[in-house]
Structure formats: structure tokens, C-alpha cells
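Can you make the complete structure from the sequences, with help from the hints?
The chain contents come next:
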Amino acid sequence: MATTAADSPLIQRHGRHVELEAAPTALLWLGTNAAVTLGDGRLCWIPDGEDAQPVPVHGGAILSACRHPDGTAIVTGGDDGQICRVSPDGAVTQLGHFPRKWVEHLAASPASGLLVAGVGKEAIAWTRGADAPSHRYAVASTIGGLALDAKGKRLAVAHYNGATLLYGTNPDSGRVALAWTGSHLACTLHPEGRFLLTALQETGLHGWRLADLRDMRMSGYTAKTRSFSWDRKGKWLATSGDAAAILWPFDGKDGPMGKAPLLRAERKGALVTQVAFHPKDEVLAVGYGDGIVALARLADENTLLLDTAGAPVATLAWNDAGTRLGWGCEDGRVGILNMDARA
Amino acid sequence: MAAEPTIPVTVLTGYLGAGKTTLLNRILSENHGRRYAVIVNEFGEIGIDNDLIVDADEEVFEMNNGCICCTVRGDLIRIIEGLMKRKGTFDAIVIETTGLADPAPVAQTFFVDDDVRARASLDAIVTVVDARHILQRLEDSHEAEEQIAFADVILLNKIDLVDAQELERVRQRIRAINAQARLHETQNCVVPLEEVLERGAFDLDRILEIEPNFLSEDDHEHDDAITSVSLRSEAAIRPELFMPWLRMLTTNQGQDILRLKGVLAFPDEEQRYVVQGVHMLLDGDHQRAWKPEEPRTSRMVFIGRNLDPATLQQGFEACAVRAA
Ligand SMILES: [Zn+2]
Ligand SMILES: [Zn+2]
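From first to last, the protein sequence lines stand for chains U and B.
Counting from 1, one number per residue, gives the positions in the first sequence under the numbering used here.
Counting from 1, one number per residue, gives the positions in the second sequence under the numbering used here.
You may find that some hints are simply not true.
To be verified - List of simulated lysine to any residue pairs, SDA-like, C-alpha gap at most 25 angstroms: (1) U:Lys-224 with U:Thr-142; (2) U:Lys-233 with U:Lys-259; (3) U:Lys-268 with B:Asp-285; (4) U:Lys-259 with U:Asp-215; (5) U:Lys-101 with B:Thr-21; (6) B:Lys-87 with U:Lys-151; (7) B:Lys-87 with U:His-17; (8) U:Lys-101 with B:Ala-56; (9) U:Lys-224 with B:Asp-114; (10) U:Lys-153 with U:Leu-165; (11) U:Lys-101 with B:Phe-90; (12) U:Lys-259 with U:Arg-194; (13) U:Lys-233 with U:Asp-212; (14) U:Lys-151 with U:Asp-281; (15) U:Lys-224 with B:Asn-25; (16) U:Lys-101 with B:Asn-25; (17) B:Lys-87 with U:Lys-233; (18) B:Lys-87 with U:Ala-317; (19) U:Lys-268 with U:Asp-331.
Claimed, not checked - Far from chain U, some chain B residues (derived; all Cβ distances over 10 angstroms): (20) Ile-7; (21) Pro-8; (22) Asp-57; (23) Phe-61; (24) Asn-64; (25) Asp-91; (26) Ser-121; (27) Arg-171; (28) Leu-183; (29) Pro-192; (30) Ala-310.
If you're looking for bench data, these hints aren't it; they were derived computationally from the structure.
Ideal Cβ placement from N, Cα and C applies to all residues, glycine included.
Set out below in C-alpha cells:
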């Protein structure tokens with residue numbers, strides 16, 4: 001991809017920048033209203049075309065965030081041990097408080113209504129509508145990542161030396177221990193629950209085919225994978241951690257076993273830090289360690305420059321309709337691309 | 001990408017009761033104009049509440065290379081990344097370890113993890129030693145010996161509780177293990193904090209000050225004992241010989257080498273090259289230009305078990321440019 005100073009990034013014509021005074025830790029959408037969580041404990045709402053509206057939420061940094069299962073608010077986890085629900089009108093409700101713990105992981109499912117938080121060595125679950133924890137699961141070591149399948153029933157927890165599969169709505173059934181030496185930092189479940197993938201400290205992914213618990217190894221990354229994104233059909237898993245977005249095929253029953261990945265949006269010497277599939281089209285948004293954001297089409301090698309260099313891209317997300325793309329860089333720069341304006 | 005300055009990290013080790021908590025409380029309460037994020041393993045021991053005190057769980061894991069000495073602290077990687085999200089609210093990090101902890105995984109974490117390396121750097125390992133109990137501790141545990149071996153700075157504390165003779169025996173035993181660390185003798189850990197915190201680059205210049213191999217074979221009391229060996233060369237060191245030698249040495253003897261440090265003069269190179277390692281993990285870089293008046297002497301220090309000074313010196317000399 002050519003990225004010279006002469007290139008005019010798309011955001012200059014079809015979007016805008018918003019400068020925030022702290023490091024964005026997550027960007028999420030409610031319709032066309034972006035929510036950016038920050039390292040100084042605030043959440044900033046950025047409604048379409050309006051100024052950023054900061055809401056103080058946590059005492060320290062917001063370490064994790066997800067959409068509330070009811071789709072009307074954002075849930076945040078902080079290094080102050082609190083889990084809060086933040087509404088677009090600025091209302092903040094505490095859902096849980098775990099003094100002296102960090103809340104580093106959150107996952108939620110609109111399908112099952114489940115909300116799960118990773119707090120130290122415990123996964124804490126709220127069932128649909130609950131405003132206090134419903135049940136909890138202990139694992140042997142600190143939780144590195146949480147994931148739910150599309151139905152929001154199967155819950156995966158990554159930790160040291162493997163992962164644990166649980167039923168998120170039922171604490172008493174079907175616990176499966178998956179062992180693999182090493183520190184597992186993040187995880188994702190195939191939307192249909194057929195595969196579990198984790199990111200390893202030593203770089204690369206480990207995978208399990210859940211039908212027969214067969215192991216898979218996906219190596220060759222230069223850095224740790226921190227970002228996963230499934231395309232709308234569950235056919236491709238895009239991953240960060242190398243100079244290109246690395247896409248693994250999951251259409252057959254063997255998944256990527258014995259197959260080569262697809263590489264998209266490669267930039268020599270750069271590092272992909274964030275990936276996000278468009279919710280409807282075969283287009284992947286890619287954010288890099290040098291602040292560049294690009295769009296890559298799966299069908300060919302074409303890429304489109306969205307934003308110029310700056311601080312590392314820390315978060316990147318499409319809204320559900322696929323009409324807005326938002327990203328946040330470590331220096332507080334937020335980019336909002338408006339795809340309606342482009343049409 | 002322009003590299004941002006990294007946050008200095010001080011690691012505090014020492015047995016329970018040696019005085020670590022006293023030192024930590026001083027760091028947190030004294031008005032020194034610096035803000036420290038403190039990572040502790042038991043919050044209860046510290047009397048001060050502060051939202052920059054973080055509980056660690058001391059989760060050590062082996063790397064996937066199958067080697068038992070290649071271990072890192074997973075919790076530290078997580079905590080340091082988390083702290084970096086509140087960048088600007090603190091200037092430096094202090095990590096306290098439990099009395100029994102092996103310092104290697106802590107140090108190796110700062111060599112191994114790229115994200116940690118990009119954001120933080122190990123400034124110094126500070127070991128607090130209880131003058132009255134240390135000789136007994138050294139007899140019953142390897143950890144006590146390793147904590148001294150790993151130290152860049154040693155606080156020999158509670159010296160008011162031993163007599164002059166005993167103190168001299170303790171000093172000699174510490175020096176036999178680690179001839180290179182800065183040693184401060186204290187009561188109640190009273191030492192200017194600038195002697196302990198933010199020392200910069202492991203006090204690397206210290207190795208240029210000490211005389212090589214001042215230990216004679218007679219000082220070697222125990223077969224399992226840790227010793228330090230220091231090497232020097234007035235002739236410049238050839239990197240194309242030195243790097244493979246060091247790599248081979250750490251591959252073969254890495255489990256026995258607890259720490260190594262070196263400041264090297266390469267031929268026709270204006271910059272000092274510094275290298276440091278823990279077990280078989282190495283980190284080296286050009287540090288700064290040699291000063292005009294500075295003699296271009298290359299020095300290395302090894303601290304570990306089963307180190308043979310003669311073999312090491314020979315190997316090091318073989319990397320030097322021969323006199324014409
Ligand atoms: Zn090793
Ligand atoms: Zn002994």
C-alpha cells in the first residue's frame with residue numbers, strides 16, 4: 001500500500017477527528033453514537049456531528065468495555081474494581097464492585113442477555129436484566145480473555161496453561177478444561193461455537209476444534225495478537241499481530257488446519273494492532289501501530305487510506321449498520337468515518 | 001516511530017522482616033516530588049492507601065521454549081500494560097516481591113516481552129538484607145543467595161543489631177556473592193531515596209569501577225555458592241567474535257548465570273555498547289558516546305554458580321583485537 005504524504009486520507013473528506021485528553025481504551029457504538037472509554041476513567045459520548053460529551057465513571061483507568069446486552073448502554077470495567085452501566089444520557093449505575101481488583105475483561109450477548117466480567121481468577125456473570133452478579137466461575141489463574149458464541153450461551157475463559165469452556169447461563173453444567181502450556185491472553189469463539197482460538201504470550205494462536213478437542217497451532221506472528229474479528233458468515237477470522245492482517249479460513253469442518261491464511265493490507269515494517277470486519281460487506285478495517293487506518297477488500301489486494309500516521313491505533317469498530325467506523329489512538333486522537341456521506 | 005521514554009522500574013526484594021515494607025512506606029510517604037505506582041503482593045502490609053498501589057499475584061509461567069530457567073511474570077506484563085493506560089499520572093514503578101520469590105522471572109519479564117520493553121525498563125533490583133539473620137538464611141535457602149546475587153543495590157539493614165565482627169562477616173559474605181552491587185549499611189532503611197530509586201541503566205558504570213576477580217579461590221566456601229567474576233580488556237572487543245561467544249556461553253551455561261552485565265568498547269565505535277542478561281536471555285544496545293577522558297576499557301561481570309574465572313577471561317580475551 002502506498003502511504004505517502006501526498007495521499008489524502010478518506011477521513012478528510014468523509015469524517016472528522018475528535019481530540020480527547022486521555023488514551024482511548026475502547027470505542028463502541030450505539031446506533032450512530034460512539035462511546036469512547038478512556039485511561040483517565042471517563043467515557044466520552046460522541047453523537048453524530050456533535051461535540052464529545054465526557055462522563056466521569058471510574059476512579060482510575062477504564063480497562064474494559066462492552067455493549068450492555070439490552071443494547072441501550074455501555075458497560076465499563078475499571079482498575080478501581082467497579083463495573084458500571086453508562087447510558088447516553090450520562091446516567092451511571094454500578095453493577096458490581098470488587099475492591100482492589102482490576103476488571104480487565106467484559107463480554108455480553110444480546111441473544112442470551114448474559115453479561116460476564118473477568119475479575120482476577122473469577123468470571124462473574126449477570127443473567128438477563130440482573131443488576132447484581134448472578135453467579136461466578138473460578139479458574140486456576142488470572143483470566144486473560146473472555147468470549148461468548150453468537151447465542152451467548154457458551155463462555156470461553158482464557159488463562160495460564162489453557163482455557164476453560166463453560167455455560168454462561170448455567171454454572172452447574174458442562175465445564176471443559178482445555179490444556180496448552182503457556183500464557184493465553186485473549187480468546188474468541190467461532191460464532192457457531194465450533195472453534196475456540198486463544199492468543200499466546202509468545203505470539204501466535206492456539207486453537208481447539210470443539211467437536212473433538214483437536215489442537216491447532218497458528219504461528220508466524222511478529223507480535224502478540226490482541227484483536228480478533230469474524231466476518232458476518234463466520235468464514236474468516238481476521239487477526240492482528242503482524243505487518244498484514246492475517247485471515248484464517250473457517251468454512252470447512254477442519255477450519256484452518258492445513259490451510260494457508262490470507263494476508264491483507266500488508267505494510268512492510270508496520271504492525272497491525274486492530275482489525276474489524278464490516279458487518280455486511282467483505283471489507284476489513286485495519287489499524288496499525290503507527291496510527292494509520294486503512295480499509296482492505298477481501299476480493300482483491302486493494303486498500304484505501306482512511307487516516308494518517310500518529311500514535312498506535314488502540315481500538316477500532318464499525319456500528320451495526322456499517323455506516324460508521326470509529327477508531328481511537330493512544331494519544332487521544334479519535335477518528336469517525338461517515339460512510340453515509342460517501343454514498 | 002519515535003521511541004517514547006520508558007518508565008523506570010525498581011524491583012524490591014528481600015526476606016520478610018528485612019525491612020522492605022519500611023522502605024516502601026518511605027517511598028510512598030516522603031515528599032520527593034515523584035509519583036510512584038507500586039506493585040505489591042500483599043496490600044495489607046502497607047499502611048498507606050493510594051490508588052496507585054496494585055496487587056500482584058506473582059504468577060510465574062514458563063516460556064514455551066521448554067527451558068526451566070526461561071520464566072516470566074505474567075501478572076507484571078498485565079499490570080504494566082494496565083498502568084500505561086493512565087500514563088501521565090505517575091513517574092516510575094516500584095515492584096515488591098515476596099520474601100521467597102526468585103528474582104529471575106521479574107527481571108526476565110523486562111527483557112522478553114516486547115510491549116513491556118517498549119514502555120518500561122528495569123532500573124535496578126534493590127535487595128534489603130537483614131544483617132542479623134542473613135548468614136542463617138544463606139545456609140537454608142537458595143532464594144536468599146539469589147536475591148543478593150541479582151541486586152544492583154543492597155541495603156544491609158538492621159546493622160544496629162549486630163556487633164562489628166558479625167557485620168564484617170556479613171559484608172564479606174555479601175561481597176563474595178555479589179562484588180558489584182552498591183552496598184548501603186542502614187538502620188530502619190534510612191538511606192537517601194535517590195541512592196535506591198531511578199539509578200539509571202542498572203548502575204552500569206559501577207562495573208567499570210570495580211577491580212576484576214578480587215576474590216581468591218580460598219574465599220569459595222561452598223560448592224553451591226554463587227560468586228561473581230569480573231573481566232576486563234584494554235584492547236577493543238570485536239563484536240563479530242564477542243556476540244557469538246556470549247550467545248554460546250548463555251546457551252550452554254544460562255541456568256547457572258544469574259546475571260551478567262557489560263560495557264564494551266568496539267573498534268572504531270564512538271558509542272559504548274552495553275549488554276545485560278539474566279540466565280540465557282540477553283539485551284544489548286549502544287548506550288552513549290565514550291567521553292574524551294574515559295579510558296576505553298571493556299568490562300564484564302558475571303554472577304552465578306560454577307563460574308570459572310580463567311575460562312571466562314580466556315574466552316573474553318579471545319574476542320579482543322590483538323596487539324599489532
Ligand atoms: Zn532458559
Ligand atoms: Zn552453601
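Compare the distance between the alpha carbons of Lys-224 of chain U and Thr-142 of chain U with 25 angstroms, and conclude whether the hinted pair is satisfied. The hint holds at about 18 angstroms.
Beyond 10 angstroms from every chain U Cβ - status for Asn-64 of chain B: violated, 5 angstroms
Holds or violated: are the alpha carbons of Lys-259 of chain U and Asp-215 of chain U at most 25 angstroms from each other? holds, 15 angstroms
Pair hint Lys-259 of chain U and Arg-194 of chain U, alpha-carbon separation not exceeding 25 angstroms: Satisfied, since the Cα-Cα distance of roughly 17 angstroms is no more than 25 angstroms.
May I ask you to check that Pro-192 of chain B keeps its beta-carbon over 10 angstroms from the closest beta-carbon of chain U? holds, 31 angstroms
Would you mind confirming whether the straight-line C-alpha gap from Lys-224 of chain U to Asp-114 of chain B stays at or under 25 angstroms? Measuring from Cα to Cα gives roughly 9 angstroms; hence the hint holds.
Hey, Lys-101 of chain U versus Ala-56 of chain B, does the alpha-carbon distance stay inside 25 angstroms? It holds: about 10 angstroms lies between the C-alpha atoms, which stays within 25 angstroms.
Quick one, are Lys-233 of chain U and Asp-212 of chain U close enough, alpha carbons at most 25 angstroms? holds, 22 angstroms
Starting from Lys-101 of chain U, check that the Cα of Thr-21 of chain B is at most 25 angstroms away, please. holds, 21 angstroms
Is the nearest Cβ of chain U still more than 10 angstroms from the Cβ of Asp-57 of chain B? Contrary to the label, Asp-57 of chain B does not stay out of reach of chain U, its closest Cβ about 6 angstroms off (not over 10 angstroms).
Could you grab the alpha-carbon distance between Lys-268 of chain U and Asp-331 of chain U and see if it respects the 25 angstroms cut-off? At roughly 23 angstroms apart (the allowed maximum being 25 angstroms), Asp-331 of chain U and Lys-268 of chain U satisfy the hint.
Can you confirm whether the C-alpha distance between Lys-87 of chain B and Lys-151 of chain U stays at or below 25 angstroms? At roughly 38 angstroms apart (the allowed maximum being 25 angstroms), Lys-151 of chain U and Lys-87 of chain B break the hint.
Hint compliance for this structure: hints 6, 15, 17, 22, 23, 24 are not met, and every other hint is.
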